[in-house]
Amino acid sequence: MSVIIESFDLTRKFGNLTAVEDLNVRVKKGEILGFLGPNGAGKTTSIRMLAGTIAPTKGYAVVAGIRPDKEVEKLHEIIGLLTETPGFYERLTAKENLLYFARFYRINSDLQVDKYLKKMDLWERRNHKVGTFSKGMKQRLALARALVHEPEVLFLDEPTAGLDPKSAREVRQLILKLREEGRTIFLSTHNLEEAELLCDRIAVFRTKLVVLDTPYNLRNSLFQRQVIVELEAVDDNIVNRVKGLDFVLNVGKDGRQLIIELKDFDDNRPALIKCIVESNGRIQSVFEKKHSLEEIYLTLIKEGGGMEHEGR
Amino acid sequence: MREDKAQRRKRIINIIGKEWKSTFGNLNSALFITLLPLIITAQAVILIYLVMKFAGAEVLVKTLLGKGMESWLTTFPALGELPLIERFQVFFFAQFPFYLLLIPVMVAVSFATFSIVEEKQEGTLEPLLATPVRTWELLSGKALAGAIPSLLITWFCAGLFLAGIIGMGSGHLLKYILNAQWFISLFLLVPLFSLLAFILGVIASSRANDPKTAQNIAILVVLPILAIIGGQLIGFTVFTLARLFFLSIIAGVLNLFVLRAAVRLFQRESIVVRWR
Ligand SMILES: Nc1ncnc2c1ncn2[C@@H]1O[C@H](COP(=O)(O)OP(=O)(O)OP(=O)(O)O)[C@@H](O)[C@H]1O
Ligand SMILES: [Mg+2]
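Taken in order, these protein sequences are the chains called A and B. Be aware that the first sequence starts at 29, since it is given in the working numbering, and climbs by one per residue. Be aware that the second sequence starts at 1148, since it is given in the working numbering, and climbs by one per residue.
Simulated from the structure, these hints should not be mistaken for laboratory data. Careful, some of the hints might be misleading.
Claimed, not checked - Incomplete in silico selection of chain A near chain B, CB under 7 Å: (1) G68; (2) F132; (3) I135.
What the hints assert, rightly or not - Chain B is nowhere near these chain A residues, computed Cβ spacing over 10 Å in every case: (4) T113; (5) L139; (6) D142; (7) W151; (8) E152; (9) R197; (10) D228; (11) R247; (12) N265; (13) D274; (14) E289; (15) R297; (16) F315; (17) K318.
Predicted model, so just to flag it, every value in this text is computed and none were measured. C-beta: ideal position from N, C-alpha, C; glycine also.
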């Protein structure tokens, strides 16, 4: 698949403070890339540089073949930007607001505005002042604004921040629908579940790119998979027999549980269980210990910048 | 490219339309823009009428105003043919175009500050800057949105003032009032001062976070206007044709100067990064 967003040593300083350092990232056409990082990591700053609203101190980007720092107006014809705190003219209605923004593009604004008011489920309230809208409605209206000109590339800066679980879910479903339509989405978040749920790939970011990979690979590459075997009773005989197996890397004991790290997890598990049974171990249950993305994330953030690699 | 030109015009008209909808849709700002000029005009007419009626020429001559009147007479000797009381009338009437400058200045300042501070408070600037709109289109759109109604209303008030003069029974003095100075003030100084006020309003708004603070800064333009009026009334100076032109040139140069500052301030980058 072709690359549609690419950055080369993108760097931004504010005085002495480096907000983004040497960001090299590639986003493929049609994927959702999650930009995951704690507060102050430089997510918003990165998005602003990619969307051309601020200039990099060093480096550059290419978005859909356009340099944001060179041809910003041309870029804005084809990208959509959902800003971190999207505001509206509160004294104007939803429709008036949307029409105002839509008229800056070369589109049939009346048609497009109606389309997105309906699509974002705001049609009934189109003639109400935005000042009377709930946060969730405003966010949907903001999405409508980012989409009204049918951009192929979308930058969404924390699209579900501050929404209740129900509204957040609605917004996530909308985002997934947008991917189905073939749009490329660059999404920043500090919500791990959201990143895992929505994104094809996740870039963990804190001033620098820490790691970029699929959620699945992030799990596997960082932690050996572990199996937890719960026994009626644990004795040294069983522990020693298990330790003797050549594919077992590590054995830990926690009450009646054995925590075992092994090579080739799926292939060797049956042999492990057979060994325990043959050592007269009475197995109550066997399950895999899954590391949450949160652990992965916290590990990465702690290491910070220590393991720069880019997976597929 | 013709298509681009049409696009540009469409975007500027869009901005003007929205500005007007917000401004005139708000009772406060609509009243401010229409009522204030009328009050200023009515005040001038009534004031002149009262002074003429109750003070009388003999009293006025002995005051500072008498001195102002005298220097005025040296510049406009034609007034010598009029009786003393009417000389004073013409003298007062002639101050009105300067007084009138207050209207576009106040209207422009409130337009600029309300509209930009509102965008700052609501957080609409960044989404706006993510559209293909050019920042100079945004700036010109807002300037035009403020300038058109403010010039129209100012000229309307000038007409009203002339009607007031006729109403006072001084219609025969119009020929002394409607001179080159009058027209230069109305059609050169008024636009220049309102532009100046607008730009200062924009600059002040980029720093301030509420319209009041912004207005307090931008309203400084009023001071030179008051100085002009005061200076003439006490005979300190007379704004002859040459001096008026000189004043216009100064205002023009000042405009260019602040416009450059405003344009620099009104870049995407500055708005996103520095306007807090
Ligand atoms: N306009 C600015 N002027 C000065 N410093 C800034 C500016 N914008 C951002 N920064 C600094 O750059 C760093 C990155 O900020 P940024 O807003 O990009 O982070 P973020 O990842 O979006 O954080 P959050 O999750 O809180 O939105 C921060 O230290 C911030 O203080
Ligand atoms: Mg942010």
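Results of checking the hints against the structure:
1. Taken as an interface hint, G68/A does not check out: its beta carbon lies about 16 Å from the nearest beta carbon of chain B, beyond 7 Å.
2. The interface hint given for F132/A is met, as the beta carbon of that residue sits about 4 Å from the closest beta carbon of chain B, less than 7 Å.
3. The beta carbon of I135/A comes no nearer than 11 Å to any beta carbon in chain B, farther than 7 Å, and the hint placing it at the interface is violated.
4. Remark: the non-interface label on T113/A conflicts with the geometry, its nearest Cβ contact in chain B lying 5 Å away (cut-off 10 Å).
5. Every beta carbon of chain B lies more than 10 Å from that of L139/A, the smallest distance being close to 16 Å; the non-interface claim holds.
6. D142/A, annotated as away from the interface, keeps every beta carbon of chain B farther than 10 Å; the closest lies near 18 Å.
7. Listed as a non-interface residue, W151/A keeps its Cβ farther than 10 Å from every Cβ of chain B; the least gap is roughly 21 Å.
8. Listed as outside the interface, E152/A is consistent with that label: its C-beta sits roughly 22 Å from the nearest C-beta of chain B, beyond the 10 Å cut-off.
9. For R197/A, the shortest C-beta to C-beta distance to chain B comes to about 24 Å, beyond the 10 Å cut-off, and the non-interface label holds.
10. Remark: the non-interface label on D228/A is consistent with the geometry, its nearest Cβ contact in chain B lying 24 Å away (cut-off 10 Å).
11. For R247/A, the non-interface assignment is confirmed: its Cβ lies about 35 Å from the closest Cβ of chain B, beyond the 10 Å cut-off.
12. For N265/A, the requirement that its beta carbon stay farther than 10 Å from each beta carbon of chain B is met, with the minimum near 67 Å.
13. Residue-level check passed: D274/A sits 59 Å from the nearest beta carbon of chain B, beyond 10 Å.
14. Interface exclusion of E289/A from chain B stands, the closest Cβ pair being 48 Å apart, more than 10 Å.
15. Once the 10 Å rule is applied to beta carbons, R297/A is consistent with being away from chain B; the minimum gap is 51 Å.
16. The claim that F315/A is not at the interface with chain B holds, since no C-beta of that chain comes within 10 Å of its own (minimum 48 Å).
17. Separation of K318/A from chain B is adequate, the least Cβ-Cβ distance of about 39 Å exceeding the 10 Å criterion.
In summary, the numbered hints that this structure violates are 1, 3, 4.
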